[in-house]
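For reference, the chains in residue letters:
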Amino acid sequence: MATFDLATASPHHKPGHVTLRIGVVEARFNVRVLMMAFAVLALLAVLAVFAMTRGSYRIPFVDVVKAVFGTGGDDQMFIVRTLRLPRVICAMLIGACLAVAGAIFQGLVRNPLVSPDIIGIDTGATIMAVFWIVFGLSASWLPFAAFLGAVLTAAIVYALSWRQGISPNRLILVGIGVSAAISAGTTYITVKFPIEQVRPAIVWTMGSIYGSNWGDVKLLLGFLAICLPLSVVLMWYLRALQLGDDVARGLGLPLERTRLGLIVVGCALAAVSVSVAGPIGFVALMVPHMARMLGGALSASVMILTALMGSLFLLAADTVAQHFLPVSLPVGVVTAAVGAPYFLFLLYRSNVRM
Amino acid sequence: MAAIDTSPVLLEVPGRRRWINSARAVGLVGCVIATAIIALLSLRYGSLELKTSDAWNAIFHYDSSSYEQTVVRSLRVPRTVIALGVGAALAVAGTIMQAVTRNPLADPSILGVSSGASFGVVSAVFFLGLTAPYQFVWFAFGGALIASFLVFVIGSTGRGGVTPVKLALAGVVISSLLSAWTSALLLLDENTMDIVRFWSAGSVAGRPLSVFWWVSPFLLGGAVLGLLLGHQLNVMSMGEETARSLGMNTGRTRIISSALVVLITGAAVSAAGPIGFIGLATPHIVRSIIGPDYRWVLPYSLVVGSAFLTASDILGRVLARPGEIQVGIVTAVFGAPFLIYLARQRTVAS
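Which chain is which? The protein sequence lines are A and B, in order. Under my numbering, think of the first position of the first sequence as 1245, with each following residue one higher. Under my numbering, think of the first position of the second sequence as 11, with each following residue one higher.
With the rest of the complex left out, here is chain B (with noise of 0.2 angstroms):
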């Protein structure tokens, strides 16, 4: 099978490759300590001013009859676990999307996933009259699961089985659908355009500890999951014919990946509402620093990612202190310049 050992992953000399395997290793420990840093310091800053000692107490030697260590045990850890949580979450289905789409520019979004998650949120608040993120979660979930299997289903009729042409079509009629239900019922009613304004910005603020409890086992699950895909999505990467050839069943792998997906990002939105951004630039960078194999790739974006949103999530904090710009808004305004620099690379345009 030489002759086929094109990728640049396996021409790499054995020797040499052991030492770039320990690099890597050692790289994965300080981007790990790096992250936790950062999730310190986002105990640590935030519209209320404290002292290290308080965020330090507060986890290790916690006094209830504190104000300041009363704020960073019930504000600041649960919105620091459920952003390092979504952050992963949302690198690793980023990675793996583009991965198989082999499309550097590609989204969950065209499977459904946000357009659904906001429909189950408005109909919930509009019918059911719910006011508060946490009480959204499960209908952003069933939104988002069920526009996507409607995707897939109308995708995958016809000759020829689920295409990526196809699927983005279906991924249309989906959306554009519940965007006309969405948008009917805001305008129907002011409460509802109200309180679903605030979650379709994107936040990780305002919900207690519990919602990341409920979607953790699909969004952590999910996650750790995608991170056995490396060998296959280093497969998928070399283009489908090569990776048939080397008798690998493409259409599984995709439909299985894809589903992983819609699992992963389905349940981020749920806890958090739309974050962009973050799927689509960690992968890059990555993959820029330690190279194309997924293997690593996958497990650096898992942690890279939940570094990046946490630190966006600071970011907001302090930009508007004593009010806050949700994390949503962040990683737009900070993803938006490195999207159109991406573009502007050769590469990916041409």
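Just chain A, with the same shape it has in the complex (with noise of 0.2 angstroms):
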């Protein structure tokens, strides 16, 4: 039973915050930021119902809505319906999933500069989805075996940077050396196979959501809605371990049981995306930042609040990389350049602060 809990007497009220409890799970809201995310879930949808009416065949703004629900014409619903939502939800999701995941990571190892990749998901997933790809292997199977290499990959690395427990510096070390392993045998079948078989594997590599289908949208939706509650649920673990170790461990916190499930939890979330759509850089990186400037430091409203603005940004980017650049580009290399003046931004506030 979920009860909105506003009562002023409750022991645990904090002004500006709702309650929302569920059995005996109770999570913290701060109105603030819930605002700012209803905010950017209206921008979404304006955003969602824009990318639809482009393309090769322009649809009016009202039309696209009334094809999504279902009332319009035949062909106007063929082309929003089964080309073109696909592809708009799967950019959603797939930025809401790199958001979730980059903010568990920074907290995690307590560096803002991090993102899931540090522990080999993207190259693992990678390889073996070159692998499949210059074998000819059947392309419905390809989203099971990159995440199976992600996994795979990441398990690895946390197996490695297991001693006495894992400390986050071992873990990023370790993943930069595991995953410079991988790209070397990437590297070794990009260049023993002739190119028209290596071509589509380096396409792949550069990130893209050309081609997304239902399927891809249930599999995505499967596990946002596992891990985002999951996530939501450990924030109050993950701020206890931002206080260093010794502090958590004096809260009482299971230290290495805590860190090994964000760590799966981010790592499924960051494996699935990269999955359907091959590594996409700097959702991961950027979007928790811009969330904790926005919404402040790092609790359940603001893991909402970075969900939601990695879909607006993941799915802005791909809007662009698909109508409004000369040629029509995979979203990776969008994203990569908008990271570039983000980062001149944060190199800006890092002058003003020194």
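Be aware that one or more of the hints could be misleading.
[To be verified] Interface residues of chain B toward chain A, partial, derived using beta-carbon atoms under 10 angstroms:
{"no.": "1", "residue": "81"}
{"no.": "2", "residue": "85"}
{"no.": "3", "residue": "184"}
{"no.": "4", "residue": "186"}
{"no.": "5", "residue": "194"}
{"no.": "6", "residue": "197"}
{"no.": "7", "residue": "207"}
{"no.": "8", "residue": "336"}
{"no.": "9", "residue": "338"}
{"no.": "10", "residue": "339"}
{"no.": "11", "residue": "345"}
{"no.": "12", "residue": "348"}
{"no.": "13", "residue": "354"}
Keep in mind that the hints were calculated from the coordinates and are not lab data. Note that the Cβ used here is the ideal one computed from N, Cα and C, for glycine as well.
With the hints as a guide, bring the two chains together.
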């Protein structure tokens, strides 16, 4: 039973927050941040409809909305619901997955310049996908192969980093090492085979959402439905971890189990998005930053804001990549280009502070 | 000044120090001899089977009518010379970088060298239609220099001048912009992708000896200048505060040594493509054997680095006969476990 508990007398009450209680699980949300999240959600809806109006066959704004709800003309229904809607939804879901995974890993490692790829998820998925594409194996199994590669690599990195526990720094360094070895394998495949076989594989490694279908949407939705609530619940543990190992242990936190739980959730989110779309850079790096700048320190509400901002960012990037460039490019190229000005901005801020 | 003389180098007793230095000199000569042997092996072994006498005669009694001797002269000698030079340069650059940043995992790639070089190569192939690796040299070098210059300019704006964090951020900015540009070009043209994929694996094969002479002023000149920095690096490695209180202009030392690193690695990348791990692993191995005195670490790294790269190149040829594995792949496969081993050492990861 979900109940909104607004009772000011509650011992858990904090000004400016609402408390949501489901059974024994209780989460407190910051009202200001939730308002921002609603604003982002509204923007997201407008952008999604706008993205579906564009394309070689333009459809007016109102007709797109009608087609989505199943009351438009047949050809418009086909274009919107079969071709454009899955891609738009995929972009939003992948953006959310990447952003939440990024927030988890940045919190875990306590380093804002870290993305989930530090544990080799992208390189592991890439070598499997490149292998799959170069050898011409069944395309419908590609996401599963990539997912397997990502999860296996993450497990190897985790195991190699274990030495009476996991230290975040060691995780980064071992991750760099394992990724380098795996990338060498990928390079070997790409130079060994004829360019006609290799080219689609290299294009996959640039990260694109082109040609996504309802199957991808279901896969992503399934993972998000499990992992997003989990990551909101894990927020308390993550915040305790950020106080440092000693304080967290003093608070009674089972340190290694907490880390493992966070890594599994973050890794699942990042792995599912890379297996559907290929490695898309900078979303996991930038969006959690922006969300923290808007919403303050990491909390359950900020996590929701992060997910929505990730959706908005990737959908915007994909719309630009598809419709507003001289040639349509993989979305990964666009996010890399957008990453640069963002880091310039960070640099400017650090100058101001120093 | 005796109160500050805390570095292990300066604590040594004079008599013992003389003994250690002569031992180090003997060891260095031993390393040079080992490297020479590896270089000869590199002439002897490869995808074409030949006799030791062929390799020997190709150098000392060259007979141009012998097919085997021609192969040694025209293919194996250039790649061996390039491997020796590039390995030496990368190891010296890595040593300088690790000492100046006091980070055992520092890498010249944060200065934008590799992404700049690939930007130069991809643009040259796409716009000018170049096809052979030796034609890429100046474009790669130019790209590397421009990219790292931009990284320095962006990283030094604002108050406080150049700091490691600002430099790293500036490196990310430039690399991400350049990589977006390179992948867009690669997508547009399959031909460019076909040529560039071989370059970016990192290899010393298929380049004429003239490539080496073109870049050697930067490669070897930079490495020799780097050897002179031993004393400065000793002081820098004691930490910013100590170095400054000993009267060193740390900002100037940092800029000079970073510029040197950019020159050396830019030249190395343009001659052989991006090759990792030589610059990372060599200084570590050398330091663990002969101690932290950079006046010795630098020359040792130079010799050992060239031996490593040449040996990796031989391995790449022998393992995949009759084809070959690019040396950049070999160094990554052997270097990565080493990095993981380092990371598992308590001192590095803490």
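Does the nearest C-beta of chain A fall within a distance shorter than 10 angstroms of the C-beta of residue 184 of chain B?
-> Where the cut-off is 10 angstroms and the nearest Cβ of chain A is about 8 angstroms from residue 184 of chain B, the hint holds.
Would the hint on residue 81 of chain B stand, with a C-beta cut-off of 10 angstroms toward chain A?
-> Violated - the Cβ of residue 81 of chain B stays beyond 10 angstroms from chain A, reaching only about 22 angstroms at its closest.
May I ask you to test the interface hint for residue 354 of chain B with respect to chain A, counting a Cβ-Cβ separation under 10 angstroms as satisfied?
-> Residue 354 of chain B check passes; min Cβ-Cβ to chain A is 6 angstroms, inside 10 angstroms.
With a cut-off of 10 angstroms, does the beta carbon of residue 338 of chain B approach a beta carbon of chain A closely enough for the hint to hold?
-> Where the cut-off is 10 angstroms and the nearest Cβ of chain A is about 7 angstroms from residue 338 of chain B, the hint holds.
Using Cβ atoms only, decide whether residue 207 of chain B comes closer than 10 angstroms to chain A, and label the hint accordingly.
-> Because about 5 angstroms separates residue 207 of chain B from the closest Cβ in chain A, which is inside the 10 angstroms limit, the hint holds.
With a cut-off of 10 angstroms, does the beta carbon of residue 197 of chain B approach a beta carbon of chain A closely enough for the hint to hold?
-> holds (7 angstroms)
Quick one, is the residue 186 of chain B hint okay against chain A at 10 angstroms, beta carbons?
-> This interface hint holds because 4 angstroms falls under the 10 angstroms limit.
Should the hint that residue 339 of chain B touches chain A count as held when the rule is a Cβ pair under 10 angstroms?
-> At 5 angstroms from the nearest chain A Cβ, residue 339 of chain B passes the 10 angstroms test, so the hint holds.
Would you settle whether the hint for residue 348 of chain B is holds or violated, based on the nearest Cβ-Cβ distance to chain A being less than 10 angstroms?
-> With Cβ-Cβ at 8 angstroms, under 10 angstroms, it holds.
Classify the hint on residue 345 of chain B as holds or violated, based on whether any CB of chain A lies nearer than 10 angstroms to its CB.
-> Nearest chain A Cβ about 7 angstroms off; hint holds.
Interface hint status, residue 194 of chain B versus chain A (Cβ within 10 angstroms) | Constraint on residue 194 of chain B satisfied, holds at 5 angstroms.
Proposed interface contact between residue 336 of chain B and chain A, which counts if any beta carbon pair is under 10 angstroms | Status holds, d = 6 angstroms.
The earlier numbered hints that this structure contradicts are 1, 2.
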